[in-house]
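Engineer: As a plain string of letters, each chain reads:
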Amino acid sequence: MSAGTVDAQPVGVERVEHFATVAQQRHAATLGMWVWLLTELLLFSGLFLVALILRLLHPEAVQAAAGHLKFWIGAANTVVLLCSSLTMSAAIELSRLGWQRLMVACLLATASLGTLFLMLKGYEYYADYEEHMMPFLAGRPYALAEQPATRLFVNLYYVATALHAVHLVTGIAILLGITWKASRPGFLGRHQNWIEVYGLYWHFIDLIWIIAFPVLYVVNR
Amino acid sequence: MSRAGTLHGDAAAREPHTPQPTLDRPDDYLHARSTLRSWFLTTDHKRIALLYLASITAFFVIGAVAAGIVRLALVVPDGAIMTNDTYNKAFTIHGVVMVWFFLIPSIPATFGNFLIPLMIGAKDLAFPKLNLASWYVFMTGALFTLISVVLGGVDTGWTFYAPLSTAFSNTWVLPALIGVTIVGFSSILTGLNFVVTIHTMRAPGMTWFRLPIFVWTHYATSLIFLLATPVITLALILLIAERAFHVGVFDPAYGGDPVLFQHLFWFYSHPAVYIMVLPGMGVISEIVPAFAQKKLFGYRFVAYAAIGLASVTFFVWGHHMFVNGQSDLASLAFSALSFAVAVPSAVKVYNWTATIHKGNLRLDTPMLYAMGYIGLFVLGGLTGLYLATLAINQHIHATYFVVAHFHYIMVGGTVLAFLGGLHFWWPKITGRMYNEAWGRISALFIFVGFNVTFFPQFILGYLGMPRRYATYPPEFQLLNVLSSVGSTILAAGYLFPMVYLVYSLWFGRKAPANPWDAKGLEWETTSPPPPHNFSGAPRVPDVPYDYPIQAPETGSHHT
Chain E
1 MSAGTVDAQP
11 VGVERVEHFA
21 TVAQQRHAAT
31 LGMWVWLLTE
41 LLLFSGLFLV
51 ALILRLLHPE
61 AVQAAAGHLK
71 FWIGAANTVV
81 LLCSSLTMSA
91 AIELSRLGWQ
101 RLMVACLLAT
111 ASLGTLFLML
121 KGYEYYADYE
131 EHMMPFLAGR
141 PYALAEQPAT
151 RLFVNLYYVA
161 TALHAVHLVT
171 GIAILLGITW
181 KASRPGFLGR
191 HQNWIEVYGL
201 YWHFIDLIWI
211 IAFPVLYVVN
221 R
Chain F
222 MSRAGTLHGD
232 AAAREPHTPQ
242 PTLDRPDDYL
252 HARSTLRSWF
262 LTTDHKRIAL
272 LYLASITAFF
282 VIGAVAAGIV
292 RLALVVPDGA
302 IMTNDTYNKA
312 FTIHGVVMVW
322 FFLIPSIPAT
332 FGNFLIPLMI
342 GAKDLAFPKL
352 NLASWYVFMT
362 GALFTLISVV
372 LGGVDTGWTF
382 YAPLSTAFSN
392 TWVLPALIGV
402 TIVGFSSILT
412 GLNFVVTIHT
422 MRAPGMTWFR
432 LPIFVWTHYA
442 TSLIFLLATP
452 VITLALILLI
462 AERAFHVGVF
472 DPAYGGDPVL
482 FQHLFWFYSH
492 PAVYIMVLPG
502 MGVISEIVPA
512 FAQKKLFGYR
522 FVAYAAIGLA
532 SVTFFVWGHH
542 MFVNGQSDLA
552 SLAFSALSFA
562 VAVPSAVKVY
572 NWTATIHKGN
582 LRLDTPMLYA
592 MGYIGLFVLG
602 GLTGLYLATL
612 AINQHIHATY
622 FVVAHFHYIM
632 VGGTVLAFLG
642 GLHFWWPKIT
652 GRMYNEAWGR
662 ISALFIFVGF
672 NVTFFPQFIL
682 GYLGMPRRYA
692 TYPPEFQLLN
702 VLSSVGSTIL
712 AAGYLFPMVY
722 LVYSLWFGRK
732 APANPWDAKG
742 LEWETTSPPP
752 PHNFSGAPRV
762 PDVPYDYPIQ
772 APETGSHHT
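So the sequence lines, in the order shown, correspond to chains E and F.
Residue numbers for the first sequence follow my numbering, so the first one is 1 and each next one is one higher.
Residue numbers for the second sequence follow my numbering, so the first one is 222 and each next one is one higher.
The following block holds chain E by itself, in its conformation from the complex:
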């Protein structure tokens, strides 16, 4: 890729009217995303707390249910998301350098890795279905029916991973939208900080999975 050095673009942020300075505008955008991530953290933390307390209250049931989770798919997905954070970080660095084409390639790679995660997750749900591990399906007997406490853990697993998947789907959609805008000429001169601010969100989705994976799959395994 020799293209990067050749077409280095001017980098900057265009001031919006109600801000006094560009620095103020950048500060507001970054702080806004951090504050949003704080609320997202609280959205998930309730679920994780409940899952951990459930382990204390019903250790055998949770161990039995967690044993049915597909550890290796979860582990593979952890690697996939970590790689996507790497490409996202690369995109941020490249945006600072003004290497627009390479940056767009990294953004696309990030979106692709996110999609790969969702595909693996979908396969995992399918495997769960095959193993009769979906207690909420009325017409399909539940594999661990004799241990009622397992249902709560399994249901929490579905809610937590589905909520995470929803964030990933939204994240990929926004990422593709930004990538489309970022591929146009002059983007980095006007909105370079979009990439940095969005990067925070992507890393956060990654972080939530890094908490979810041990809490659901790994503890007491």
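Calculated from the structure, these hints are not laboratory results.
This one's a predicted model, so the numbers in the text were calculated from it and none came from an experiment.
Check the hints yourself; a few may be wrong.
To be verified - These stretches of chain F come out as covered by chain E in the derived footprint (C-beta under 8 Å, 3 or more residues):
#	segment
1	340-346
2	464-478
3	554-560
Unchecked claim - No farther apart than 30 Å at their CA atoms in a straight line, the calculated lysine-lysine pairs in the DSS-like style are these:
#	chain 1	residue 1	chain 2	residue 2
4	F	K344	F	K731
5	E	K181	F	K344
6	E	K181	F	K350
Note that CB positions come from ideal geometry on N, CA and C, so glycine has one too.
Using the hints, position chain F against chain E.
Structural biologist: Okay, now just chain F, sitting in the frame of chain E:
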């Protein structure tokens, strides 16, 4: 968007013989543009505040009518006026609409939106488009909830306790749950906008300890929006998943735990009390110094008390569950922590009272509301201590004592502060003065009507009348009738401002920039303000609340 003020306003700068079609048209934010599009797609925080004001007033009317139906049903002890189902739906609509669609957005989304940029000397909130989006999110949530009301209503109470709401209720719970979930996001977006604005948009010289208390309390409120609302969002998502897809987390029949819902619900809904109360405290902290013409007593303590309340409130949710199978140790801790809430609350009350002391007092409408607020908040707060006491709580849990207690805080506190603030800033918002005599009369009606409605409920609750029942023993009828009579007085008090305030929009006297001789940047600009708030850079004074009389009194008033 912005029009040069000098072009139309300054006669000397105008070509004398050129016809000027827009000569008489003021270029403040209300008149600068007048198309429907300029209102519904506006990013001006002041116009968005008015969009919110119109919407929450409509919801207040819906909630008030539902309350009227409840009070009508309780005139007779045997529930003969309407079916029990109708009664259950009426109190649920009252609670859902008043809590989620009036009280929570009331002061922050209207006055907070309108005033925070003015008070800190900014042109707008940090994210104007997000601000508009939050109103649309709010209206979308409202639409879902209204759909559930129109289709036939909900009978779970505003608390949506599982498994009643997930397994047993045959009413339109799902659209109501979806509506309330969506509304949460509008709270989060508003809180996010406020926090970022207060951090990044302050005018040069506007340090944290020069901020008006109104801004401090909204900062504290925003923290609760941000930290508590996501938890109720999660709880509601779990309810929806359980009701719609049988993903059981709360219903024991699906392996769930119903007390878990109460924990998640109250982890938000107790702090939500302070979402409703703190902005009102901010309003009172502006009104009291202005109408005493005296510096706010103990500025820093009032500011710290706001942050203190916003912190302590996260650790008291268990006091809603003293009789619901919570461990004794947990109850003991939650009881002690609930007592701690009284400390920052009392700090504020003492500081307002000390500000009034030896002030140059004017009893105009906003001040009447503020004084009513202080009295009723004290009564509501002290009865809160009864409820926080474990042994007494066993006796009065889920009785009308609780109903009276939280109405003293919610209505006596928040609604009075809302109305006080509405009158205080009405000249700034609309550029018109309301009729002062009618203002005082309606304040009196509301104060008297409120007390006649809710004081009997303390006695009813103490005597053991449980809340949420359509019938009651005949010996309670006298007090119930008294309460219903009071509610009609209260309703009259609410109706008056709706008439004379609207009347003033066209026929009221034009308001000067600062009709109350109040301090604060919002009074430095014109009434109503121009689209970008200030015509020049606002000059930030060295001290907040720089009124003629010092506090504490130094003996020599330099008036």
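Engineer: Now tell me if each hint is right for this structure.
Structural biologist: Hints versus structure:
1. 340-346: That given contact holds, which follows from 3 residues of the segment 340-346 of chain F lying within Cβ reach (below 8 Å) of chain E.
2. 464-478: Coverage by chain E holds here, the residue count being 9 at a Cβ distance below 8 Å.
3. 554-560: This one is violated; 0 residues, fewer than the three required, reach chain E with a Cβ under 8 Å.
4. F/K344 with F/K731: holds (24 Å)
5. E/K181 with F/K344: Holds, at about 28 Å.
6. E/K181 with F/K350: holds (19 Å)
Checked against the numbered hints listed earlier, the structure breaks hint 3 alone; every other hint is satisfied.
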